[in-house]
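A.B. asks: So you can see what is in the structure, the chains are spelled out below.
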Amino acid sequence: MNDAPQPLPTSPDSTIADGPLEFGPYSLHSRMIVGTGKFPDFPTMQAAHRASASQMVTVALRRVDMKNPANNILNFIDTQRMHILPNTAGCYTVDDALKIAELTLELELPKLIKIEVIGDEKTLMPCPIGTLEATRRLAGEGWTVMAYCSDDIVLCQRLEQAGAAVVMPLGSPIGSGRGILNPGNIRIIKELLSVPVVVDAGVGTASDCALAMELGIDGILLNTAIAKSGNPVAMAAACRDATRAGRTAFLAGRMEKRAYASASSPMKDF
Amino acid sequence: MEQVKTMSGPLAISVNDEPKTTSAGSLGGLLEELGLHERRCATMVNGEIVRRPDRGATALREGDKIEIIAMVGGG
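Listed in order, the protein sequences are those of chains A and B.
Residues in the first sequence are numbered consecutively from 0, following numbering that gives the first Met the number 0.
Residues in the second sequence are numbered consecutively from 0, following numbering that gives the first Met the number 0.
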C-alpha cells in the first residue's frame, strides 16, 4: 500500500487571468521577446526560440556575406509563429537609424522597429538624444517604435511623448548579464508610463526575468542570456517559466515586508 | 558625341566592398548572377536605396558600389 501523496492529474495553471502584451497592431501572448544573435548555430537558435514560446524575435540588418551568401537566418525563424522585430543595432547617428528603418521595408517587413542609437563605443550605452530624435521622426511617419534606452525616468517619459509604442529601458549594459541594476527606476518608469515598458538588455539568467516581471513591467527582451548559456534550449525554457512566474507573482501581489518576525503557525492554544 | 559605356562589356564594380566584374546589365541582373534574386534583401547603389521594382531598370556603371543587405542575428 502506498500512502505517499499522489500528484494532481494535471497541475493547475495560474488562477489569475493575464491579457496579452499589446502595442501598435501587435498582441503577444508571450511577454518574452527573444534575439537571434550569438547562438552557436541556427538549429540551436530555432530550438531555443521554440522552447521560449516567444512570439517576437529581433534581427539586425547587415551586408550579405559574399563569401557565404546562402547563409540565410530566415530559414531558421518560424515566421508563422513569430513576428520579426528588426533593430538598428550598430547605429551611432539618427540618420543611420532612419536608413536602417527604411531598409527594413525593402525586406518586406512592416513598419515595426526597435530603435537603438549607440552613444558610446566602449559601454554601448544608448544615446538618449539620438534615440529620442529617431523615435520622434519614425513615430511621426506611422512606425511602431520600440525605443531601447537607459533607465532614466525622464528620458522614458520623453520617449513616450515622442510617440514610442513601447519604451525599453535596459536592466544593465547590453550583453553584460548583470541583471536589473536599478529596480527602483524600472518600477517608477512602469508606474509613470502609459505605454508598455519592456526591460531590454542585462538579463543574465532566469531569476533576472522573474525579478524584472515582479516589478510590474510588461515584458522582457533578452538574447545573450539564452544564446551564451551552456544550454540555450534549456535556458530559453527556464526564462520562459521565470517570466511567467514573475508576471503571476506581480499580478498576485506580494506580501508586505516586515522588520520583525511573524509566526506562520498559531502561537497559543498548545 | 560621347559614348555611354553601359552594355559594352564587363564592368568593374564592388559588391559589399568586394571587387567584382560583372556582365549583368542591371542591378536585377546582378542579383540573379549572385543567386540572390529570390532572397529577401535590400539594395543600395552608391549609398542610395534602390527599391525592388526599380532593380531591373537600374543600369550598372563602371565603379558602382553595390550594397546588398539582409537580416542577420541580433538582439
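Derived by calculation from the structure, the hints in this document are not laboratory data.
Ideal Cβ positions, reconstructed from N, Cα and C, are used throughout, including at glycine.
Just so you know, not all the hints are guaranteed correct.
[Stated by the list, open to error] Here chain B is said to cover these stretches of chain A; the calculated rule only asks that three of the stretch's residues, wherever they fall, bring their Cβ under 8 Å from a Cβ of chain B:
hint, segment
1, 34-47
2, 82-92
3, 105-114
4, 146-156
5, 206-215
[Stated by the list, open to error] A partial selection of chain A residues facing chain B, derived with a Cβ cut-off under 8 Å:
hint, residue
6, Met-65
7, Glu-101
8, Leu-102
9, Ser-228
10, Asn-230
[What the hints assert, rightly or not] Where chain A lies over chain B, by a calculated footprint (3+ residues, C-beta under 8 Å):
hint, segment
11, 21-29
12, 34-42
13, 58-70
A.B. asks: Against chain B, is A:Leu-102 within 8 Å by beta-carbon distance?
C.D. replies: holds (4 Å)
A.B. asks: Could you check if A:Ser-228 really has its C-beta closer than 8 Å to a C-beta on chain B?
C.D. replies: Since chain B brings no Cβ nearer than about 14 Å to A:Ser-228, farther than 8 Å, the hint is violated.
A.B. asks: Can you take a look at whether the segment 34-42 of chain B is actually covered by chain A? Rule is 3+ residues, C-beta closer than 8 Å.
C.D. replies: holds (count 7)
A.B. asks: Are three or more residues of the segment 21-29 of chain B within 8 Å, CB to CB, of chain A?
C.D. replies: violated (count 0)
A.B. asks: Taking 8 Å as the limit, does the beta-carbon of A:Asn-230 come near enough to a beta-carbon in chain B?
C.D. replies: violated (18 Å)
A.B. asks: The segment 58-70 of chain B covered by chain A? Criterion: 3 or more residues, Cβ-Cβ distance below 8 Å.
C.D. replies: Held - the segment 58-70 of chain B has 5 residues with a Cβ nearer than 8 Å to chain A, which meets the minimum of three.
A.B. asks: Hint validation: A:Met-65 versus chain B, beta carbon distance must be below 8 Å. Holds or violated?
C.D. replies: holds (5 Å)
A.B. asks: Taking beta carbons only, do three or more residues of the segment 34-47 of chain A come closer than 8 Å to chain B?
C.D. replies: Held - the segment 34-47 of chain A has 6 residues with a Cβ nearer than 8 Å to chain B, which meets the minimum of three.
A.B. asks: Examine the segment 206-215 of chain A: at least three residues should have C-beta closer than 8 Å to a C-beta of chain B.
C.D. replies: violated (count 0)
A.B. asks: Counting residues of the segment 146-156 of chain A that have a beta-carbon nearer than 8 Å to any beta-carbon of chain B, does the count reach 3?
C.D. replies: Per the Cβ count (0), the hint is violated.
A.B. asks: Check whether three or more residues of the segment 105-114 of chain A sit with their beta carbon closer than 8 Å to a beta carbon of chain B.
C.D. replies: Holds, because 3 residues of the segment 105-114 of chain A bring their Cβ atoms closer than 8 Å to Cβ atoms of chain B.
A.B. asks: Three residues or more, CB to CB closer than 8 Å: is that satisfied between the segment 82-92 of chain A and chain B?
C.D. replies: holds (count 4)
Hint compliance for this structure: hints 4, 5, 9, 10, 11 are broken, all remaining hints hold.
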